[in-house]
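Chains A and B supply the protein sequences, listed in that same order.
Residue numbering for the first sequence follows this note's numbering, beginning at 1 and increasing consecutively.
Residue numbering for the second sequence follows this note's numbering, beginning at 1001 and increasing consecutively.
Hints in this document: simulated from the structure, not taken from any laboratory.
Check before you lean on any hint, since a few could be wrong.
[To be verified] Cut-off 30 Å, straight-line C-alpha distance, at most; resulting in silico cross-link-like pairs (DSSO-like, lysine-lysine): (1) A:LYS44 x B:LYS1032; (2) B:LYS1032 x B:LYS1148; (3) B:LYS1148 x A:LYS38.
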Amino acid sequence: MSKKVKSLNEQRMKKKPRTLEEAAKAAARRYCDPELLKTIDEPKGLSSGRSNESGGFINEDDTDEKEKDND
Amino acid sequence: MLATHIDAEKRYNELRKTALRVISGQIPSNNKLNFRLIDKPALLESQKWNLSQKRLVKWDWFNSYGAFKYRYPKRFELALWQEQELASLSLGRPTYNGRSLRLDFIESNPENTGIKVFPLVIAAMTTYAEALGANELRVMNPINDDVKQYYQKIGLIYVPKGDYLFTNL
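Starting from the given sequences, assemble the full structure and let the hints guide the process.
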């Protein structure tokens, strides 16, 4: 992790702890602002994830191994 | 099931319920939304999605949820209802180091023509991530470019290695 990113993370940590209510309020303001939502169309049938042929979820830990490398 | 596992499941279930109740209180009630945990009625309702010609995936929520639930007591989960209609299901878990909360699966009702579900889901996720002490959200494996670009418009950043998008809290 670069020095700059680390410093940003440290700044964020200093701001904590905030209450769940404050976090929820900030999240609603950030993602659910009616004006923002008006300008972005959600794709029909929105979905994300990986499954096998029969529709079973694939949630292998190998992805986390990659994440460990990135962290 | 070990007692420690049962205890963890109970503890994090309370945390999930609290997070959903708190975010629900921040969303205007005119859309008649209901933020709930995934339960049998939600899983049964999701089976109706198989009948839709508009569905882009053939996921078996009914039979896949149990294994995920058992394996990840700290998971994030949400059944988003709009009145009597199931608007979306989503499921995720923290990364091993606990710094990130992943959204491993999200699917909106293929017949949904009304609300935009992702902003509501990520707002709920943010609240639960805060409760866990995570600093980052990750949305794994967008199914196509339209979906990926939509997430980017909302402010998430794509990481090709790993095929996920992230945002800091």
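Against the structure, the hints come out as follows:
1. A:LYS44 x B:LYS1032: Given that 30 Å is the threshold and the Cα spacing comes to 21 Å, the pair holds.
2. B:LYS1032 x B:LYS1148: Given that 30 Å is the threshold and the Cα spacing comes to 28 Å, the pair holds.
3. B:LYS1148 x A:LYS38: Satisfied, since the Cα-Cα distance of roughly 19 Å is no more than 30 Å.
Of the hints listed earlier, there is not a single one the structure fails to meet.
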